[in-house]
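Given chain E's structure and the hints, the job is docking chain L onto it.
For reference, the chains in residue letters:
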Amino acid sequence: MSILETGLDFWNPIIWISVFVIVGALVCIFRSRGQKRYKKGTAQAEIFLSGEEPPAVEQRHIKAHNIYWGFFETLAGYYDRNIRAHTGIVNDYVMWFVVLIAITAVILFVVGLL
Amino acid sequence: MSLSSFRRALWAYHINTGSCNGCDIEILATLTPRYDVERFGIMLVGSPRHADVLLVTGPVSRQMVSRLKRVYEQVPDPKMVIVVGNCGIEGGVFYESYNLVGPVDQIIPVDVYVPGCPPRPEAIIEAVAKAWVKLEQAEKRGVT
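Residue numbers (our numbering), protein chains in the order written: chain E, 1 to 114; chain L, 115 to 258.
Treat the hints as calculated values from the structure; they're not laboratory data.
Among the hints, a few may not be true.
Under the rule of at most 30 angstroms between Cα atoms (straight-line distance), these lysine-lysine pairs were calculated in the DSSO-like manner [to be verified]: (1) E:Lys39 to L:Lys254; (2) E:Lys39 to L:Lys248; (3) L:Lys244 to E:Lys40; (4) L:Lys254 to L:Lys183; (5) E:Lys63 to E:Lys40; (6) L:Lys254 to L:Lys244; (7) E:Lys63 to L:Lys248; (8) E:Lys39 to L:Lys244; (9) E:Lys36 to L:Lys244.
Only chain E is shown next, with the shape it has when bound in the complex (with noise of 0.2 angstroms):
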């Protein structure tokens, strides 16, 4: 057995995948048990909204956009910002660049470093 110590702890692969293969079992187990007299394809195979027509798939799902939405509400004067600076058009990123390379520059000219 190949276990690693950390001095705090321990880290045994074997172990791991033992549990993984036990509670992948397990849950075999339990859905073979399941309900089986339902039909695929129809009604009785739908998710169950308390007899609300269920939405579309991509309807169910909570968007990434709503999990952040009070990082962006709280960070909203900088994102606005930013999010207007980034068109995703590559000449207006090239113009950035060139335009901060030119403040650069006559920066460092000014300080006499060039």
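Only chain L this time, still in chain E's reference frame:
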């Protein structure tokens, strides 16, 4: 009436289609220690996909028609439908109201009727037992 076997528990899903809650309270009364239907393996479940029996209360208001149909379709076959209370059977005190589409058997097939306003818990338990017998017979016939 006799139950040939108790091979597995009977799970029921309860849907209220516009009831005044009187029948719903009586259904809940069957779960109290006085009646305790769970000792027979009869219990309410939270999803029609897990249910054998659909318990319907209420006269079926216009808004509930599509919901009732969808819930009925989501119960696996073979399934039984029990209508609890006069409202679901013939409209009850809501008879010929402008906002009703029911009674229930106008919308989905019904197997057992439990009259009363509200019916007593003993009547609901007897109806579930009758549905259980019909369910077993349906399973023996291979109804799917």
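- Of the hints given before, which are not true for this structure? Failing hint: just 7.
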